[in-house]
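Chemist: Here the protein sequences line up with chains D and P, keeping their order. With our numbering, letter number 212 in the first sequence gets 212, and the count goes up by one each step, no holes. With our numbering, letter number 195 in the second sequence gets 195, and the count goes up by one each step, no holes.
Treat the hints with care, as some may be off.
Any copy, or any two copies together, can satisfy a pair, since identical chains are not distinguished.
Below are the DMTMM-like pairs computed for lysine to aspartate or glutamate, each with C-alpha atoms no more than 20 Å apart in a straight line [to be verified]: (1) Lys2 to Asp24; (2) Lys28 to Glu200; (3) Lys2 to Glu175; (4) Lys28 to Asp258; (5) Lys280 to Asp49; (6) Lys280 to Asp213; (7) Lys103 to Asp205; (8) Lys126 to Asp213.
Think of the hints as simulated: they come from the structure by calculation, not from any bench.
Number of protein chains: 2
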Amino acid sequence: MKQLTILGVGLLGGSIGLAVRAADPTCKIVGFGHRPQTLQKAQEIGAIDRAETDPAAAVAGSDLVILCTPVGAFEDILRKIAPALAPGCLLTDVGSTKRSVVKLAHSILKKGTEFVASHPIAGSEKRGVEYARTDLFRHHLCIVTPTPATPPAALHRALEFWQLLEMRVVQLSPEDHDRLMADVSHLPHLLAAALVAMQEEQSLDFCGRGFLDTTRIAAGDAALWRDILLDNADNLRSGVARLQEQLRQVMTLLEAKDREPLRQWLAAAAERREKIVERKLRTQKD
Amino acid sequence: MKQLTILGVGLLGGSIGLAVRAADPTCKIVGFGHRPQTLQKAQEIGAIDRAETDPAAAVAGSDLVILCTPVGAFEDILRKIAPALAPGCLLTDVGSTKRSVVKLAHSILKKGTEFVASHPIAGSEKRGVEYARTDLFRHHLCIVTPTPATPPAALHRALEFWQLLEMRVVQLSPEDHDRLMADVSHLPHLLAAALVAMQEEQSLDFCGRGFLDTTRIAAGDAALWRDILLDNADNLRSGVARLQEQLRQVMTLLEAKDREPLRQWLAAAAERREKIVERKLRTQKD
Chain D
1 MKQLTILGVG
11 LLGGSIGLAV
21 RAADPTCKIV
31 GFGHRPQTLQ
41 KAQEIGAIDR
51 AETDPAAAVA
61 GSDLVILCTP
71 VGAFEDILRK
81 IAPALAPGCL
91 LTDVGSTKRS
101 VVKLAHSILK
111 KGTEFVASHP
121 IAGSEKRGVE
131 YARTDLFRHH
141 LCIVTPTPAT
151 PPAALHRALE
161 FWQLLEMRVV
171 QLSPEDHDRL
181 MADVSHLPHL
191 LAAALVAMQE
201 EQSLDFCGRG
211 FLDTTRIAAG
221 DAALWRDILL
231 DNADNLRSGV
241 ARLQEQLRQV
251 MTLLEAKDRE
261 PLRQWLAAAA
271 ERREKIVERK
281 LRTQKD
Chain P
1 MKQLTILGVG
11 LLGGSIGLAV
21 RAADPTCKIV
31 GFGHRPQTLQ
41 KAQEIGAIDR
51 AETDPAAAVA
61 GSDLVILCTP
71 VGAFEDILRK
81 IAPALAPGCL
91 LTDVGSTKRS
101 VVKLAHSILK
111 KGTEFVASHP
121 IAGSEKRGVE
131 YARTDLFRHH
141 LCIVTPTPAT
151 PPAALHRALE
161 FWQLLEMRVV
171 QLSPEDHDRL
181 MADVSHLPHL
191 LAAALVAMQE
201 EQSLDFCGRG
211 FLDTTRIAAG
221 DAALWRDILL
231 DNADNLRSGV
241 ARLQEQLRQV
251 MTLLEAKDRE
261 PLRQWLAAAA
271 ERREKIVERK
281 LRTQKD
């Protein structure tokens, strides 16, 4: 890899720059962004070598280009960079939803441009290049979502790139990705926000550590999450329905004072969560 | 305070013993429990001076008696200790629900026995005297729930006791306590368990840090939580209904692709949570 372009140098883009710098010190790193302050900060911490405020200029001559802006900005940027991508350049992204991104790239990119959609699962509710870290991705999961149209060589290059960042890479279809992420990430976010929203004003003085842990993800950026939820609304609808069915079942047990089935339902949830923790410890964090 | 009896020496009972020992070293501490191993461990760590396996023997001669067993065991213990409580003895508890405890105490205790219900909000999903800590309660909130029938002198003694443990004490009616706790503690528990229960098996490999934080409280003891949820079922029903109304509203915004109202709903939840965090920092932890 001679030259990498990072489109959007926030927490994720900045951390990719730092990680590539550490793993492959000879690679030139170009960063695109709107704000000169952000680009300057990215240069200062060594996340990028060169800053560009024009996306087409930023991608010229790069072997690998990574879309790291919010998903809502992808269409505009794809249209601008499509004519400027070098032959043989691989394009990937870090978006939290994958069906719409794959569709968008397919409709905009020229034939011959190689695109492989990716979702590295790392980051936090914090945003901005000032939180960028070399090890943000290390040992975390990256879901790569090829389609039947993805050239095997392009897929191979994408997998290799995320492995360079020491990520555990798995492949899913864009459809499976969005369905699973709705359940384990987007629905929990929606629920956390709903749980905060339904509280009476008086309750706020009585929220303890449990409440704050449960709702931590609701602190995320509203515009970013709005776009994710809108993009995955169909899967969320299914998730909300299945959650409501669980609530209906447990409320029925409560009304009937069905002590032992109620205990079993709670114990099964506690055991299942413990299983998730154990799997995670085996494969390290995320 | 010459002698204190702790009925049930688990995490909370054991920590009360350690904290009283530190704050008032001349006070004798008697512990009641079923399991000799637990009582022995409580003695070893200095949480109690004397162990009893008979609750009536444990309360004899004490100025203060604290019920620290699960709420489900209260009725049986109250019947056993009622005849043995010394004149002028103050009885309190650490149960997570208050209406049923107040009613139970009122129906079982002799006239003249002073009972003031309390809920020190501390602890964790861990259980057992081996996790007991002197500072478990320090700076945390204790809700004391007097009724119009509570003698002011008894209320005063209860408030003083929890302040001795360096708790921030507030007063609520048993009804307000149960209503507020349903929203900020019992409903979040129910939701966390439902969120784990509704997952497909395949999803378990994709649960990240956000999911684990959101569902941490679901790891609590199933029988203990079963009793809490059963005891507060009416308030939970109201909480579930209000949560479902929030979910209905946000799904309507999603279906209509109402971008700005959706962003505002998410931003309001994030800001509201931030307000809770700030209040908490001002008053220290819990």
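Chemist: Now, for every hint given, state plainly whether the structure supports it.
Modeler: Cross-check of the supplied hints:
no., hint, verdict
1, Lys2 to Asp24, "within (9 Å within a copy, 71 Å between copies)"
2, Lys28 to Glu200, "neither (54 Å within a copy, 43 Å between copies)"
3, Lys2 to Glu175, "neither (33 Å within a copy, 68 Å between copies)"
4, Lys28 to Asp258, "neither (65 Å within a copy, 42 Å between copies)"
5, Lys280 to Asp49, "neither (35 Å within a copy, 43 Å between copies)"
6, Lys280 to Asp213, "both (18 Å within a copy, 13 Å between copies)"
7, Lys103 to Asp205, "neither (46 Å within a copy, 26 Å between copies)"
8, Lys126 to Asp213, "both (15 Å within a copy, 16 Å between copies)"
The structure is inconsistent with the numbered hints 2, 3, 4, 5, 7, although it conforms to all the rest.
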